[in-house]
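Single-letter residue listing:
Number of protein chains: 4
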Amino acid sequence: MKAKINIGIIGAGRIGKLHAENLVLRIPKANLISIAEKPIQIEAARNCAKKLGIPNITDDYYKILTDKEIDAVAICSSTDTHAQIIIEAAKAGKHIFCEKPIDHDLAKVDKALKAVKKAGVKLQVGFNRRFDPDFARIKQRILAGKIGDLRKIKIISRDPAPPPIDYIKVSGGIFMDMTIHDFDMARFLADSEVDEIFVKGAVMVDPNIGQAGDIDTAEIILVFKNRVIATIDNCRQSADGYDQRVEAFGSKGKVFNKNRGIDNTILSSSKGEHASELQNFFLERYAESYIIEMQAFINAIINNTKIPVSGIDGKIPIIMALAAQKSHQEKRMVKLSEIKENMK
Amino acid sequence: MKAKINIGIIGAGRIGKLHAENLVLRIPKANLISIAEKPIQIEAARNCAKKLGIPNITDDYYKILTDKEIDAVAICSSTDTHAQIIIEAAKAGKHIFCEKPIDHDLAKVDKALKAVKKAGVKLQVGFNRRFDPDFARIKQRILAGKIGDLRKIKIISRDPAPPPIDYIKVSGGIFMDMTIHDFDMARFLADSEVDEIFVKGAVMVDPNIGQAGDIDTAEIILVFKNRVIATIDNCRQSADGYDQRVEAFGSKGKVFNKNRGIDNTILSSSKGEHASELQNFFLERYAESYIIEMQAFINAIINNTKIPVSGIDGKIPIIMALAAQKSHQEKRMVKLSEIKENMK
Amino acid sequence: MKAKINIGIIGAGRIGKLHAENLVLRIPKANLISIAEKPIQIEAARNCAKKLGIPNITDDYYKILTDKEIDAVAICSSTDTHAQIIIEAAKAGKHIFCEKPIDHDLAKVDKALKAVKKAGVKLQVGFNRRFDPDFARIKQRILAGKIGDLRKIKIISRDPAPPPIDYIKVSGGIFMDMTIHDFDMARFLADSEVDEIFVKGAVMVDPNIGQAGDIDTAEIILVFKNRVIATIDNCRQSADGYDQRVEAFGSKGKVFNKNRGIDNTILSSSKGEHASELQNFFLERYAESYIIEMQAFINAIINNTKIPVSGIDGKIPIIMALAAQKSHQEKRMVKLSEIKENMK
Amino acid sequence: MKAKINIGIIGAGRIGKLHAENLVLRIPKANLISIAEKPIQIEAARNCAKKLGIPNITDDYYKILTDKEIDAVAICSSTDTHAQIIIEAAKAGKHIFCEKPIDHDLAKVDKALKAVKKAGVKLQVGFNRRFDPDFARIKQRILAGKIGDLRKIKIISRDPAPPPIDYIKVSGGIFMDMTIHDFDMARFLADSEVDEIFVKGAVMVDPNIGQAGDIDTAEIILVFKNRVIATIDNCRQSADGYDQRVEAFGSKGKVFNKNRGIDNTILSSSKGEHASELQNFFLERYAESYIIEMQAFINAIINNTKIPVSGIDGKIPIIMALAAQKSHQEKRMVKLSEIKENMK
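Residue numbers (the numbering used here), protein chains in the order written: chain A, 432 to 775; chain B, 432 to 775; chain C, 432 to 775; chain D, 432 to 775.
Hints in this document: simulated from the structure, not taken from any laboratory. Idealized CB from N, CA, C, for every residue including glycine. Watch out, some of these pointers could steer you wrong.
Unchecked claim - One side only, chain D facing chain B, incomplete, derived with CB under 8 Å:
1) A475
2) Q668
3) A670
4) D671
5) S699
6) S701
7) S707
8) E708
9) E761
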């Protein structure tokens with residue numbers, strides 16, 4: 432058992448910098464010793480390294496993969512590079528933390544997972560919301576039997592505002608881009624696999640999103656093999672802030688979270704009680720989850736224990752997104768097995 | 432304009448007594464002058480009349496219908512008598528308050544509504560929840576534009592515990608018996624008619640309910656003609672109490688209610704903050720709504736204004752229940768027009 | 432043990448009518464058989480009797496005191512008559528419920544309590560707030576040891592708006608008129624007697640109240656003999672509604688209540704979460720407490736058990752009010768024993 | 432106007448490291464270029480510098496004071512050194528951020544403030560709670576007139592657990608050590624100076640604290656010159672967590688904060704609704720305030736604007752603490768002017 436894990440980060444964009452800060456300042460068992468970025472954006476890596484005292488920067492991520500001091504890498508580059516770097520890192524014998532999604536293409540995902548399996552390294556996919564203290568506690572209470580037999584999971588997940596239309600066009604669609612987090616959350620809480628999916632989608636926020644071939648609002652029913660029913664309520668726009676609610680309902684009660692305000696004050700007047708605005712940004716809402724997921728990754732390596740979000744956990748939500756697309760197009764309940772069969 | 436309305440109640444069961452108490456004590460513009468009950472249960476009427484100072488009791492409700500002093504009747508007898516008494520009361524020229532449902536049989540409902548129309552009397556159906564201060568305020572805020580364009584309505588409606596199996600067997604099924612309130616609520620808030628319905632039902636509470644041919648848990652999607660999407664979450668059992676939540680979500684925000692506890696205390700210890708149990712009984716949860724619906728009925732007569740819950744409002748949720756049954760059986764989205772066409 | 436208690440009410444004003452309604456409709460073990468009112472206001476008694484089916488009305492309360500059928504009386508007449516009627520009722524062998532205060536004059540109070548003691552009848556004083564479900568539960572949790580050793584009691588008690596200046600002038604002052612409820616609550620929760628009182632008073636609401644020789648705002652510290660410290664925060668005006676909060680703080684945690692809104696809705700927009708206005712009227716806020724205190728009185732008679740709010744409980748807050756006045760005038764901590772000694 | 436401020440930190444203990452992290456990672460307009468610590472603890476400075484990429488460390492803080500590149504210093508060393516280093520830093524022409532308290536000795540405080548004044552540098556004292564988003568918003572809403580004329584300020588400030596007895600003995604007593612924050616908060620919100628103080632203190636948590644000559648529980652009344660009344664409720668032990676509540680009550684309503692839980696989940700069962708434990712540690716509770724106070728300091732230097740917490744703001748709470756001690760000892764209202772006169 433090593434006392435500390437040497438880690439390198441590939442990608443010094445918004446999420447790479449976030450992981451860098453967490454690794455240096457909040458995860459004593461990790462040594463962040465290198466950060467890579469493309470030559471054109473190397474300045475971002477330089478600034479980050481300077482602030483955090485990271486000894487090495489490079490514009491060639493192979494230097495990280497071939498550095499014998501390094502035990503693990505965090506892949507924070509653009510999505511289209513994930514699968515390839517996973518394969519290379521696996522071959523280099525590095526443990527891998529990879530931002531989601533692995534890829535939109537199931538065949539590429541499978542190839543990456545195969546390489547990981549062959550190399551015998553660990554792979555954790557960045558479904559950070561599982562580590563959010565609220566959702567983790569909901570899970571914990573389900574496991575502790577506090578709500579008895581689980582019957583329903585209800586997820587409300589609404590973004591403050593839609594991304595630019597140009598992004599929408601390359602996003603892979605709402606299910607692949609936004610709902611994928613909620614698919615993971617539903618699986619995580621249900622502790623089962625989805626049997627069938629029904630989707631009612633709509634364009635309510637911006638007609639341009641419809642013209643781009645996507646929807647911006649959806650209501651989804653998931654039926655799990657263990658008979659749990661989950662619902663997901665998505666919308667690309669939520670005027671009152673980032674709306675992230677989960678409820679698990681069982682035979683003995685329910686457990687749920689409340690949205691977080693930007694402060695905890697109440698103004699009480701003749702017009703009623705007025706509480707703070709909701710938090711409005713995912714990096715603020717999920718700040719703790721990013722720290723805890725990385726701690727979990729580092730600990731799993733040090734203790735050689737099971738990775739909490741595996742490659743399979745990264746793959747299945749992609750299948751769910753494909754099934755949701757099909758349900759939306761064909762206006763009927765779609766079995767997940769229909770997607771899997773197509774893949775063979 | 433009369434200053435006061437003379438009213439008679441037909442039926443001195445639980446709900447009849449409730450309306451009697453409200454009419455006498457809390458609605459100054461009403462004179463409750465007579466209460467009828469079947470000969471075998473006349474003692475209930477007698478006790479009620481004694482307590483509340485109601486001048487007349489009778490075991491023959493025709494005495495109320497033929498009493499020239501009486502302006503209006505409240506029909507609180509068993510469901511199978513509703514349609515018939517409506518017809519008789521209409522012929523007698525009385526304004527009518529009728530407990531829901533009018534009947535499970537659409538043909539009988541139509542006949543009753545026809546008689547009302549012909550007589551030109553007012554008919555209010557007892558969908559009391561519209562008058563609940565919380566739901567009324569949600570409606571009010573939608574109308575005031577506080578949430579912008581309405582996008583979704585989310586209704587969670589879970590009973591504390593299922594009724595006896597013998598009741599389940601004659602109840603008309605969960606959609607006709609329990610969801611019917613939620614169908615009314617969805618219509619009320621959406622201010623539109625349902626176009627199509629999708630249901631995912633399940634037996635999760637008690638297998639005996641399944642053996643009786645019914646379900647005890649459901650997830651329903653309603654698509655309205657104005658494109659609003661509503662969801663209804665039903666369960667016959669809710670261990671933490673009577674769970675009655677509504678959320679209206681729109682382009683400028685959302686408005687929702689919180690469940691009510693039996694008290695407003697918090698115990699804060701090293702284990703966390705512990706608040707009161709939820710209210711557990713519909714008569715307690717909806718006490719105010721029964722007063723306000725009856726005030727609305729009396730006021731509509733006095734001022735000769737529009738009745739807030741009309742005969743049509745009593746009929747359409749029955750059609751919705753039939754469509755829900757069909758969706759559950761055929762596992763597909765069902766158009767409301769399919770039910771209407773069958774009826775012709 | 433009698434199955435039912437026959438009771439008469441003396442006084443058909445606001446509070447008399449309230450008790451009448453509760454006795455008839457919500458306390459099955461009580462028979463309200465008579466209500467008395469002064470000749471000039473007899474119409475109020477007549478209307479009340481008619482609505483509730485009370486068999487007898489009288490303009491001479493001696494008819495109630497001499498009615499052998501009657502077991503108990505509820506004294507709801509004006510304050511200046513309380514002590515005298517208590518004495519007469521006691522002599523007539525009736526159990527007595529008396530609205531607070533017994534009298535502002537301690538000598539009169541003592542005389543009345545002496546008569547009660549001599550007659551061996553039960554006397555309950557109308558400190559209704561002890562029976563409020565929130566405050567009762569706070570007490571219950573203290574007794575159950577949920578907060579460990581009690582350290583502090585914090586009472587915030589602010590009226591929506593000050594009474595008319597003419598009332599202020601004859602009210603006996605804020606401590607006798609308003610704080611007296613809070614003095615009772617502090618004693619009830621502390622389960623001890625006050626040793627000393629410190630008051631900081633001010634005129635912040637209306638200078639006319641100051642000119643009338645009273646104050647409208649106060650901050651009070653009570654030190655109990657068991658070393659518990661209580662604070663009372665009073666104000667005659669609270670723009671956001673009737674503010675009635677109690678917190679008990681102990682070695683293992685604290686228990687407190689939240690103010691009640693007029694509804695339970697939340698409007699959430701970009702401006703924050705907006706909850707309902709607070710309840711604004713004491714009869715609404717304390718509606719349940721009036722029912723429960725009367726049930727307790729009737730039950731104590733039927734079961735011949737201890738009265739929950741005794742004559743002494745009615746007397747001591749008056750002493751506390753006198754001590755508070757003295758502290759305010761002399762700007763120092765005042766021992767309750769100073770007042771008691773003056774009385775001898 | 433400089434674009435960036437070069438700053439050095441004196442002291443690499445818990446609070447020094449906290450400010451270092453904030454300056455490096457969250458305050459882009461600051462360059463933290465040096466950190467000093469005593470030779471015996473220099474390793475702490477070295478580790479901190481390494482993690483954060485701080486270019487220089489020193490075991491001689493004079494090197495910071497004489498470094499011409501440095502514009503400002505943050506004094507995070509032990510309390511007994513504050514006044515002396517302020518004087519030296521002022522002479523060296525550095526702007527000064529100094530952790531509270533400046534000193535327990537008023538004469539030393541005055542000497543330090545005099546040196547600052549003479550040098551014309553800026554001095555900010557570390558009363559961080561003013562910058563807490565909740566309390567800052569309370570202040571903001573008072574200033575915006577949302578609660579009308581301010582009448583009362585109510586502060587509840589209870590620590591999770593008492594410090595060790597050895598610390599208590601040298602702490603200067605509860606008023607100087609713990610209440611001093613609340614004195615600052617009361618002044619901040621009242622926007623006035625205290626006229627008189629009344630204290631009721633007690634030993635309720637640990638008799639050893641009493642034997643050490645201190646108290647562990649207090650109830651304080653402050654009367655401000657603008658007639659606002661403030662109360663402070665202190666206790667050295669709060670079993671349910673760190674209890675930090677402020678309420679401002681005015682003629683148009685009130686504004687207050689709620690304590691923060693460690694998560695935002697609710698478990699709802701037949702036993703009631705169970706929310707999370709409260710936060711339990713001041714560094715967690717006040718994390719944001721430390722960032723914001725330092726931003727304010729840096730901005731005040733860059734823009735040459737008024738420092739938000741001045742030397743006088745650092746001094747007056749010390750006078751209040753002395754008056755509180757006197758009130759506790761003499762069991763009477765004490766005028767702040769009594770303390771000031773003694774000082775001359």
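Status of each hint after checking the structure:
1. Restraint check, A475(D) versus chain B: the minimum CB separation of about 32 Å is more than 8 Å; hint violated.
2. Interface restraint check for Q668(D): the shortest CB-CB distance to chain B comes to about 11 Å, outside 8 Å, so the restraint is violated.
3. Contact between A670(D) and chain B, as hinted, is supported at the beta carbon level, the nearest pair being about 5 Å apart and thus within 8 Å.
4. This hint holds: D671(D) has a C-beta 4 Å from the nearest C-beta of chain B, less than the 8 Å allowed.
5. Interface hint status for S699(D): upheld, as the beta-carbon distance to the closest one in chain B is roughly 4 Å, under 8 Å.
6. With its C-beta approaching chain B no nearer than about 5 Å, S701(D) sits inside the 8 Å limit, and its interface hint holds.
7. For S707(D), the interface hint holds, the least distance from its beta-carbon to any beta-carbon of chain B being 5 Å, beneath 8 Å.
8. At about 5 Å, the closest approach between the beta carbon of E708(D) and any beta carbon in chain B falls short of 8 Å, and the interface hint on this residue holds.
9. A hinted interface residue such as E761(D) counts as satisfied when its beta carbon comes closer than 8 Å to some beta carbon of chain B; here the least separation is about 35 Å, so the hint is violated.
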